Amino acid sequence: MGIAVVDVTKSFGDFSALSNVSVAIPEGSLTALLGPSGSGKSTLLRVIAGLEPPDSGQVLIGDEDVTDRPARARGVGMVFQHYAAFKHMTVYDNVAFGLTIRKRPRKEISRRVHELLELVQLEGLAKRYPSQLSGGQRQRMALARALAVEPSVLLLDEPFGALDARVRKELRAWLRRLHEEVHVTTIIVTHDQEEAMEVAGQIVVLNDGRVEQVGSPRELYEQPANEFVMSFVGPVNRLGDTFVRPHDVELLLEPDAGCSEAMVERVVHLGFEVRAELVRDDGQHLLAQLTQEQAQLLELERGQIVYVRPSRETVFSAAAKPPGLPRSA
Amino acid sequence: MSKWLLRFTALGYLTALLLVPVGFVFYRAFSDGFMHAWDAVSSGRAVHALELTLLLTAITVPVNTIVGIILALALVRGRFPGRGLLNAVVDLPLALSPVVVGLALYLLYGRGGWLGGLAEHGIRVLFAVPGMVLATMFVSLPFVVREVVPVLREIGTDQEQAAETLGAAPFQVFRRITLPAIRWAVAYGVVLTTARCIGEFGAVSIVSGRIEGKTETLPIYVQSQYAFDFNTSGAYAASVVLALIAITTVVLLRVFQPKEH
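Residue numbers (my numbering), protein chains in the order written: chain A, 1 to 329; chain B, 1 to 261.
Same shape as in the complex, but just chain B (with noise of 0.2 Å):
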């Protein structure tokens, strides 16, 4: 009985929590038509956000797979002061707001900031895509971090240390043994991290300055059509986009997932 009330429970928080909501934004994208939901994803505009918010994607991901690897490695194989410090400064971007992050870099990069001057020789972060690059990476951090460093903490060193007896250098050991045996807490933070670069919105939107068909991604696109042009089955159209990606990312590492896990 109890087991029923707690299935019944469970089911239902996710059902009224995500399932209607998302449900909802997929009936409400088609309920002008389809051609008007494929005419609101297709235009030039759109495709656009799409391209550039899967271009911070895939500079974003591995990037931060490889800095989140060698930063879970440092965690916990390190001995170095201010380790502490480290620990605690990696959760930072998931206890910030993406929005003061935004207003860090805006501030930073800003006319007047420390590395302001970065304009005048040409190089542009602010409104263009390397400040968007550099917003997306701070947010999405942690996510391989945090996966891996607990299953580094749980396989321990022995394998690694045998390994070495039997002649490994440092860099055979990692790619023969430490990297196989994390390989699918680094894929699970590398889909956290995917769903996050897709998705983020408050840190991006303050440095990308909005400018329609060239800093404009995805959400912000999703956001103006909403807010600004009241084009509601438009936005919807577009979110059924963003969520199609999520969706997907997750199916993919559950296919791909040995059952032991």
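So that you can see chain A by itself, here it is in the shape it has in the complex (with noise of 0.2 Å):
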């Protein structure tokens, strides 16, 4: 079902972590919410989750006003960042728990069980203890937890944060696969954009409790509404008032027409990617990011003069910068 957050304001003391946040999920979609930590990101979920009540507001979850409802009366499954795993039960037991709490027949629970341990791949560790699993096994059975009570929402806060970051990539593909197959309206909060951008069909960029914009992660990555959106969803480099990507900056060996003279102070190679961090006469540090090829063609090295020049730029008018953002970074 889809999830409307309708002008939610919620603090904790003098800290206000969400004013006035209104935010629709489509249903079936797989949205994410990315933003720096203390933006409000993982507050929003736990108040779309109902463990935390808003100050003011208004969730909705299908077209049903659940703001005054328990957590345990709203359909939803929630994955938490340190796993939450019921450690004196075995894996059988954790994921079984809404159902047994809803007193559904022994045999449908065990045939439902052994049906999400498959989707999960943890078939065979049913009789294991959470203690006996790893970081990235345990995540996987607390999703089928949330997954066995059928819930109309889907909501991970952080759920890769506390894994290697291996198992973290591996993970995040097959949510990704998991999402296709199961088609429940998900949520995930990350301050990681990467995984955002991977794993997500929506983004909301949050920031000091305020959501910044809202679109899939290429409109976000193409055409970001404020600096802090532009910087936050990829590397950036900033010249006076203008923003420019790092892969935009084009390197020249002889100079040429609104170029201007760079030292090459380190070349890192990263495989396919190389990346040169350059400094300019008045002092301005850049970042460029070639290719291999380029980077071979040019002969990059430390110490060496090129002639910077960037292909593409973006400015921001003063109204579009957030009001929570100093003017000079």
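Read the hints as simulated data drawn from the structure, not as lab findings. One should not assume that every hint holds.
Said to hold, decoys possible - What follows is a list of derived Cβ distance ranges for each label pair:
| id | chain 1 | residue 1 | chain 2 | residue 2 | range |
| --- | --- | --- | --- | --- | --- |
| 1 | A | 37 | B | 83 | 19 to 29 Å |
| 2 | A | 173 | B | 14 | 57 to 67 Å |
| 3 | B | 80 | A | 272 | 56 to 66 Å |
Claimed, not checked - Taking beta-carbon pairs under 10 Å as the criterion, some of the chain A residues facing chain B (in silico):
| id | residue |
| --- | --- |
| 4 | 72 |
| 5 | 80 |
| 6 | 82 |
| 7 | 85 |
| 8 | 87 |
| 9 | 89 |
| 10 | 101 |
| 11 | 217 |
| 12 | 218 |
What the hints assert, rightly or not - Now the stretches of chain B that chain A is said to cover, found in silico as 3 or more residues with beta-carbon under 8 Å:
| id | stretch |
| --- | --- |
| 13 | 154-167 |
| 14 | 177-184 |
Computed from a predicted model, the values in this text were never measured in an experiment. Even glycine gets a Cβ: it sits at the ideal position worked out from N, Cα and C.
The task is to assemble the complex, starting from two chains supplied on their own in separate frames and drawing on the hints.
In structure tokens:
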């Protein structure tokens, strides 16, 4: 079911976690809430889950106003960053928990649990305890547990945050495939823009308790609404009032129109991608992103003088500047 | 080398401080022969004292276990004004001399006390079992709370919230998630509470009035035997009973406690 958050405000003492946030999550979508820590993304998720009551505003799941409903009656499935595994229960009992609470017949529970364990690739580990599983396995168990009650909404709070980089990447791809299979409306909270772009169809960028922009990964990257979004969804060079992505920095060996002189400070080889850290003669630092081939043609090395020209730049009007961000970064 | 020194010091200290005196009690209890010791603990007066001690324990331990868990939940999970004060008050029985507790109850329920009028309505608190129960409850309150609080802090609220989103009502969350997570802390708290209930002397001694065969608990009986009846081996024999109960509770916990704790 679709979700609508309408004008939600939430404060913790003096700290304003969410101010007048409105978001619409289409049915069946996979949406990421993206933002730095303290941006309010986890609070927003917990308000949707019913674990945190908003100070004002409404939460709608489907067409129903669930603002005053406790978490247990909202039909949501939630996955926590640190797994929240029931440590004293086996994997089987963990996954079965929601169904046991609902007093479903034992046979049905058994069938459903085994189905889910197969889905999350944990067949054969049903009798283990959470302490005997790896982090990735625990999180898949938590996902199966959340899915067991057939939630209308699946909420994931930094689900891969506690895992190492390789497992995290695997689980992201796996989550996308799972979403294609199960098609439940899913919200994932993350502070990692790469994770959001890789997994989600729609991204809500939050900062300082406000929504900065909502859009597809491509829209956010190509048409960022303001400098916060521009700098949060990817690396960026700031040249006065203009912003240039590192891959839009053109490097030439001879001076040309619109070029300025710069010295190569460092060259970082990352396989296919090569990053050059440059400093212009006016002291401005720049990051350029090239392919390996381009770097080879230029014979880039430390101390070399090159000529740089932005092939594409973005300028934001003063009105687009978010209130929370200082004028000069 | 330093490892051995450490072990030797620890064991030596325990031996000198605990094992030797307790061992001596066992030794002296049987120094006039087993039958003499048996007579001392099987007399009507001694059996009554033991029964009364067990009764006080049987009432106090369940009450303080339930209240202790509720207090621990309130201290860790609750958000209310006065929580800091409550936290301090829970420790009061540990800091306060039991004699003071006894005197406080004496003043409260005695003639002229705020609740002294109860006696005129036929509710005897002082020099009767209710007063002794109150005194025992007071001194043994903190143990379950103090064992459970750190465990509750450590497990956090994630598991409880996960259970909530899965459809569990508050009491189901408590029974299926919180209680299993704190069960060993509760068990340890129960052992300490039990030990305190069985051994309590000061507070109970004051509110009981020490009426022979009526309000005499086992520790009071021991002291009477020793101080007033000059029956030292009888006192030692009754002490052995107290010590055996204590040892049994501790051993039972060790037996049932899982290895990883």
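Discussion item. Quick check on the hint: residue 218 of chain A CB to chain B CB, less than 10 Å?
Written reply: violated (33 Å)
Fill in: Given hint residue 101 of chain A near chain B, where the shortest CB pair must fall under 10 Å
Holds, about 5 Å.
Item to complete: Have a go at the residue 72 of chain A hint: is there a Cβ in chain B nearer than 10 Å to its own Cβ?
Response: holds (5 Å)
Worksheet entry | 57 to 67 Å as the expected CB spacing between residue 14 of chain B and residue 173 of chain A, which holds or is violated | holds (59 Å)
Worksheet entry | Interface restraint verdict for residue 85 of chain A against chain B (beta-carbon cut-off 10 Å) | holds (7 Å)
Item to complete: Against chain B, run the beta carbon of residue 217 of chain A and see if the smallest gap drops under 10 Å.
Response: Result: violated, 28 Å to nearest chain B Cβ.
Worksheet item: Has the hinted range 19 to 29 Å been met by the Cβ atoms of residue 37 of chain A and residue 83 of chain B?
Response: Given range 19 to 29 Å: holds, Cβ gap about 28 Å.
Worksheet item: Given as covered by chain A, does the stretch 154-167 of chain B meet the bar of three residues or more with CB within less than 8 Å?
Response: Held - the stretch 154-167 of chain B has 9 residues with a Cβ nearer than 8 Å to chain A, which meets the minimum of three.
Worksheet item: Holds or violated: the stretch 177-184 of chain B covered by chain A, criterion of 3 or more residues with Cβ-Cβ distance under 8 Å?
Response: holds (count 3)
Discussion item. Would the hint on residue 82 of chain A be counted as holding, given a Cβ-Cβ threshold of 10 Å to chain B?
Written reply: holds (6 Å)
Practice prompt. So, residue 87 of chain A near chain B? Judge it on the closest CB pair being under 10 Å.
Written response: Nearest chain B Cβ about 7 Å off; hint holds.
Worksheet item: Between residue 80 of chain B and residue 272 of chain A, does the beta-carbon spacing fit 56 to 66 Å?
Response: Taking Cβ atoms as reference, residue 80 of chain B and residue 272 of chain A lie about 59 Å apart, which means the hint holds.
Of the hints listed earlier, those the structure fails to meet are numbers 11 and 12, in rising order.
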